[in-house]
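Asks: The residues making up each chain are set out below.
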Amino acid sequence: MSDWAGALAPALADLPEYLGWHVVLSITALFIGIAVSFPVAIASLRSSLLRGTALGFASVIQTIPSLALLALFYPLLLALSGLTRAAFGFGFGALGFLPALAALSLYSMLPILRNTIAGIESVDPAAKRAAVGIGMNRGQVLRLVELPLAAPIIIAGIRTAAAWVIGTATLSTPVGQTSLGNYIFAGLQTENWVFVLFGCVAAAALALTIDRLIALAEIGAAKRSRPRLIGAAAGLAIIVGASVFPLFGKVSARPIVIGTKSFEEQYILGALIERRLRDAGFETVRRDGLGSTVIFDALSSGEIDVYVDYSGTVWADDMGRRDVPGRRAVLDQMARWLRQTKGIDCLGTLGFENAYAFAMRRDRADALGVNSLTDLSRLAPQLKIGGDYEIFSRPEWRAVKRAYGLSFAVERQFQANFLYRAAVSGDVDVISAFSSDGRIRQYNLKLLSDPKAALPPYDAVLLISKAEASDAALLAALRPLLGAIELGTMQRANLMVDRATDKRSPEAVAQILNSRIVARRH
Amino acid sequence: MIELRNLTKTYDGRSAAVDQLNLTIGTGEFLALVGPSGCGKSTTLSMINRLENPSGGTVLIDGRDTRGSDPVALRRRIGFVFQDIGLFPHMTVAENAGVVLRILGEKAESIDSRVNELLALVHLPPEMYRGRFPADISGGQRQRVGVARALAARPAIVLMDEPFGAIDPLARDKLASDYRQIHNSLKLTTVLVTHDMTEAILLADRIAVMQNGTLAQVGSPQELFSAPADDFVRAMMDTPRRRAAALAATMAQPRPQ
Numbered sequence: 000m001s002d003w004a005g006a007l008a009p010a011l012a013d014l015p016e017y018l019g020w021h022v023v024l025s026i027t028a029l030f031i032g033i034a035v036s037f038p039v040a041i042a043s044l045r046s047s048l049l050r051g052t053a054l055g056f057a058s059v060i061q062t063i064p065s066l067a068l069l070a071l072f073y074p075l076l077l078a079l080s081g082l083t084r085a086a087f088g089f090g091f092g093a094l095g096f097l098p099a100l101a102a103l104s105l106y107s108m109l110p111i112l113r114n115t116i117a118g119i120e121s122v123d124p125a126a127k128r129a130a131v132g133i134g135m136n137r138g139q140v141l142r143l144v145e146l147p148l149a150a151p152i153i154i155a156g157i158r159t160a161a162a163w164v165i166g167t168a169t170l171s172t173p174v175g176q177t178s179l180g181n182y183i184f185a186g187l188q189t190e191n192w193v194f195v196l197f198g199c200v201a202a203a204a205l206a207l208t209i210d211r212l213i214a215l216a217e218i219g220a221a222k223r224s225r226p227r228l229i230g231a232a233a234g235l236a237i238i239v240g241a242s243v244f245p246l247f248g249k250v251s252a253r254p255i256v257i258g259t260k261s262f263e264e265q266y267i268l269g270a271l272i273e274r275r276l277r278d279a280g281f282e283t284v285r286r287d288g289l290g291s292t293v294i295f296d297a298l299s300s301g302e303i304d305v306y307v308d309y310s311g312t313v314w315a316d317d318m319g320r321r322d323v324p325g326r327r328a329v330l331d332q333m334a335r336w337l338r339q340t341k342g343i344d345c346l347g348t349l350g351f352e353n354a355y356a357f358a359m360r361r362d363r364a365d366a367l368g369v370n371s372l373t374d375l376s377r378l379a380p381q382l383k384i385g386g387d388y389e390i391f392s393r394p395e396w397r398a399v400k401r402a403y404g405l406s407f408a409v410e411r412q413f414q415a416n417f418l419y420r421a422a423v424s425g426d427v428d429v430i431s432a433f434s435s436d437g438r439i440r441q442y443n444l445k446l447l448s449d450p451k452a453a454l455p456p457y458d459a460v461l462l463i464s465k466a467e468a469s470d471a472a473l474l475a476a477l478r479p480l481l482g483a484i485e486l487g488t489m490q491r492a493n494l495m496v497d498r499a500t501d502k503r504s505p506e507a508v509a510q511i512l513n514s515r516i517v518a519r520r521h
Numbered sequence: 000m001i002e003l004r005n006l007t008k009t010y011d012g013r014s015a016a017v018d019q020l021n022l023t024i025g026t027g028e029f030l031a032l033v034g035p036s037g038c039g040k041s042t043t044l045s046m047i048n049r050l051e052n053p054s055g056g057t058v059l060i061d062g063r064d065t066r067g068s069d070p071v072a073l074r075r076r077i078g079f080v081f082q083d084i085g086l087f088p089h090m091t092v093a094e095n096a097g098v099v100l101r102i103l104g105e106k107a108e109s110i111d112s113r114v115n116e117l118l119a120l121v122h123l124p125p126e127m128y129r130g131r132f133p134a135d136i137s138g139g140q141r142q143r144v145g146v147a148r149a150l151a152a153r154p155a156i157v158l159m160d161e162p163f164g165a166i167d168p169l170a171r172d173k174l175a176s177d178y179r180q181i182h183n184s185l186k187l188t189t190v191l192v193t194h195d196m197t198e199a200i201l202l203a204d205r206i207a208v209m210q211n212g213t214l215a216q217v218g219s220p221q222e223l224f225s226a227p228a229d230d231f232v233r234a235m236m237d238t239p240r241r242r243a244a245a246l247a248a249t250m251a252q253p254r255p256q
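In order, the protein sequences belong to chains S and B.
One point on numbering: in numbering that gives the first Met the number 0, the residue at position 461 of the first sequence is 460, and numbering is uninterrupted.
One point on numbering: in numbering that gives the first Met the number 0, the residue at position 117 of the second sequence is 116, and numbering is uninterrupted.
A portion of the hints provided could be inaccurate.
Simulated DEER-style distance windows between Cβ atoms [stated by the list, open to error]: (1) B:S36 with S:T62: 46 to 52 Å; (2) S:L48 with B:G25: 45 to 51 Å; (3) B:H122 with S:A150: 28 to 34 Å; (4) S:A150 with B:D11: 31 to 37 Å; (5) B:T26 with S:G230: 54 to 60 Å; (6) S:A150 with B:G37: 33 to 39 Å; (7) B:G62 with S:G138: 28 to 34 Å; (8) B:E222 with S:R225: 30 to 36 Å; (9) S:L48 with B:T213: 37 to 43 Å; (10) S:I60 with B:M0: 55 to 61 Å; (11) S:A150 with B:S112: 27 to 33 Å.
Incomplete in silico selection of chain S near chain B, CB under 8 Å [said to hold, decoys possible]: (12) A125; (13) A126; (14) R128; (15) A129; (16) G132; (17) I133; (18) N136; (19) Q139; (20) V144; (21) P147; (22) L148; (23) P151; (24) L196.
Because the hints were derived from the structure by calculation, they are not lab data.
Even for Gly, the Cβ is constructed at its ideal location relative to N, Cα and C.
I would like the entire structure built from these sequences, with the hints used as guidance.
Replies: The structure is reproduced here in structure tokens:
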């Protein structure tokens, strides 16, 4: 009982912000969806070409997985923003609200389009004939007869769209838009099932409430029941008002935006940065769970101000380098490249590496006599390897395969939590791992060495946007983090969040780390 | 006055539904267009207010060709009572009765008082019926609302397409005779389409009998009785009497129990 209460308290603390954004995002998307689909549906009643095109387009949108649709809008808007900046001298935020809004608005179109067209076509021909016969013009037939009679079907479409949008809005977290999805993504990463459940239940409750209110408004309109209409309007107004209100309270002088990628270490470091900045008197905003390329682009375009990346990631992904000249050289060249081409300031390393590595269950590695990647080369054809969603398409993997001549019997992909379990249970023999992951200790896995240095170093580095790089107070608040976190510390910190029992929140672990850093300096 | 001159309607690839029809309906006249199903009588009626456009020929109203005016404006000047009643199910009785005034852009208060007059005219006490929906009243009452709706904008001409067909017999006879009184008192010109010769004989000043898209004969009921132009008209005019005779004979016979 107290366990649940303890896990729920932090969830409830974030509810006003998450729910607020979720409501604002979904309702806005729904309104845009209606505002666009409705006129198109009306116009397409007279043009079968337009109808085919519109319905086809909306159907194709529907077949794109919603997560992909959301993710695609980020680069699209970024490019668009670059164009407007070049042409008119101003750009717009390609992260967060806009891509989420655009994707969700598109997503809401199909049911509204389809039901509006079907609804109007299903109106009794006798009623239409009577309408024309008594002298209504085309607009009057539509407004006074067809739309009111089609209303139940049209509203059913809007209700479907509302449910889709509210559900899908949970997926806007990875493009940087806070939503109830923050619970789900953070919960999945840290194996906090209370969070995952809480996010799902909250989104479902919101969807159900909005659905009931629309239904109430529909009945109210059909039965000419003023109390019902007022009740529905008041309900919607209260939900929107109550959601927007806490958000307005938050908007102040430009806050420092802290980005995190979607794994537990990033949540801990994000919370740690946030704690230090707040202690120094800064307003902060978090953009949690961002995709790996999204977060880098967002820093260079100034949409976020600070986050922790890893030298090897920038080296391979953003600089496109395939050579591995050694740890110091990678850091120096990366810092210079960041400053010169992106205006990003690399403040320094945190003191640990979170490297791409390969791990095996210790007993299995010992039985096979495997200590390094070199040892794997002759065994690989009989072994199964598991990786996260990225590894098999990354240059690091190609470099390792080439350097050691690896060719595994089976390659399988897992969500990070399940990846470690797959190694422990023996479903796969080798897994891709991250060297700072607490689960390497927890599950007693053996990290294989990389004697040919095929993998670049992955020092955790603190990156600062151009806008904030000259803020002395900000830099002073963050500098104590440099060199302050050793690998063992980070592994233990990660484990505190990951483990199944006596689980801590990233914020709590960040507080522990911070108090140690503060203590050491005094 | 309504003049139909060489009025023709053809649909793609079929023989003419209405073929070179000539007919004049005088102001203040009550004319019944009678004929079997598919004879073209409803099509002829629909061409008068251009609910359907003629394929050939002309319709003159008070000497003016209807092609010269906007069809929407034309329809607003002519009352129309529909076969399947055609009330709008989402509108109340009062809204249905006043809808023509609404589309003409009249003020709500004046529509309100006019609707009360109209409902009283068709014997529906306004205070009882104004707020009801079509689904909540009987078929006869619904068509009374249909008549009120047609009369709302004080048209000189009323077109009726089998208006009493869907109503139970008692309500039907009462509404028919009520309508004839309204026709007289408002000095309307009425064209009534029906397949029921009894109804035509009881209501109409003149009867136009149609067959296969053409006019078989036009005249007062007495003229058609006494001098039918052909066997078809004779048979048509004879139907009420034959039915009455058959009825009397049946009633006179003892029925097997």
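Asks: Confirm or reject each hint.
Replies: Each hint, compared with the structure:
1. Range check, S36 (chain B) to T62 (chain S): Cβ separation about 50 Å, and the 46 to 52 Å hint holds.
2. At about 49 Å, the CB distance of L48 (chain S) to G25 (chain B) agrees with the hint of 45 to 51 Å.
3. Taken as a hint, the range 28 to 34 Å holds for the pair H122 (chain B) and A150 (chain S), whose Cβ atoms sit roughly 33 Å apart.
4. The beta-carbon spacing between A150 (chain S) and D11 (chain B), approximately 35 Å, falls within the hinted interval of 31 to 37 Å.
5. Distance hint check for T26 (chain B) and G230 (chain S): the Cβ-Cβ separation is about 55 Å, which falls inside the suggested range of 54 to 60 Å.
6. Checked against the given bound of 33 to 39 Å, the beta carbons of A150 (chain S) and G37 (chain B), roughly 36 Å apart, stay inside it.
7. With their beta carbons about 32 Å apart, G62 (chain B) and G138 (chain S) fall inside the hinted range of 28 to 34 Å.
8. Checked against the hint of 30 to 36 Å, the pair E222 (chain B) and R225 (chain S) fails, with Cβ atoms roughly 60 Å apart.
9. For L48 (chain S) and T213 (chain B), the Cβ-Cβ distance of about 42 Å falls inside the hinted range of 37 to 43 Å, so the restraint holds.
10. Separation of I60 (chain S) from M0 (chain B) is about 60 Å and conforms to the stated range, judged on CB atoms against 55 to 61 Å.
11. The supplied range of 27 to 33 Å is met by A150 (chain S) and S112 (chain B), whose beta-carbon atoms lie about 30 Å from each other.
12. Interface restraint check for A125 (chain S): the shortest CB-CB distance to chain B comes to about 5 Å, inside 8 Å, so the restraint holds.
13. With a least beta-carbon distance of about 6 Å to chain B, the hint placing A126 (chain S) at the interface is held under the 8 Å criterion.
14. At about 7 Å, the closest approach between the beta carbon of R128 (chain S) and any beta carbon in chain B falls short of 8 Å, and the interface hint on this residue holds.
15. Contact between A129 (chain S) and chain B, as hinted, is supported at the beta carbon level, the nearest pair being about 3 Å apart and thus within 8 Å.
16. A least Cβ separation of about 5 Å between G132 (chain S) and chain B falls short of the 8 Å threshold, and the interface hint therefore holds.
17. Below 8 Å, beta-carbon pairs count as interface contacts, and I133 (chain S) has one with chain B at about 5 Å; its hint therefore holds.
18. At about 5 Å, the closest approach between the beta carbon of N136 (chain S) and any beta carbon in chain B falls short of 8 Å, and the interface hint on this residue holds.
19. Annotation: interface hint on Q139 (chain S) holds; nearest CB of chain B at approximately 5 Å, less than 8 Å.
20. Hint on V144 (chain S) holds. Least Cβ distance to chain B is approximately 6 Å, under the 8 Å limit.
21. The beta carbon of P147 (chain S) comes within 5 Å of a beta carbon in chain B, closer than 8 Å, and the hint placing it at the interface holds.
22. Here the hint on L148 (chain S) is kept, as its CB sits about 6 Å from the closest CB of chain B, short of 8 Å.
23. For P151 (chain S), the shortest C-beta to C-beta distance to chain B is roughly 10 Å, which exceeds 8 Å, and the interface hint is violated.
24. Given hint, L196 (chain S) at the interface with chain B, is violated; its Cβ is 44 Å from that chain's nearest Cβ, farther than 8 Å.
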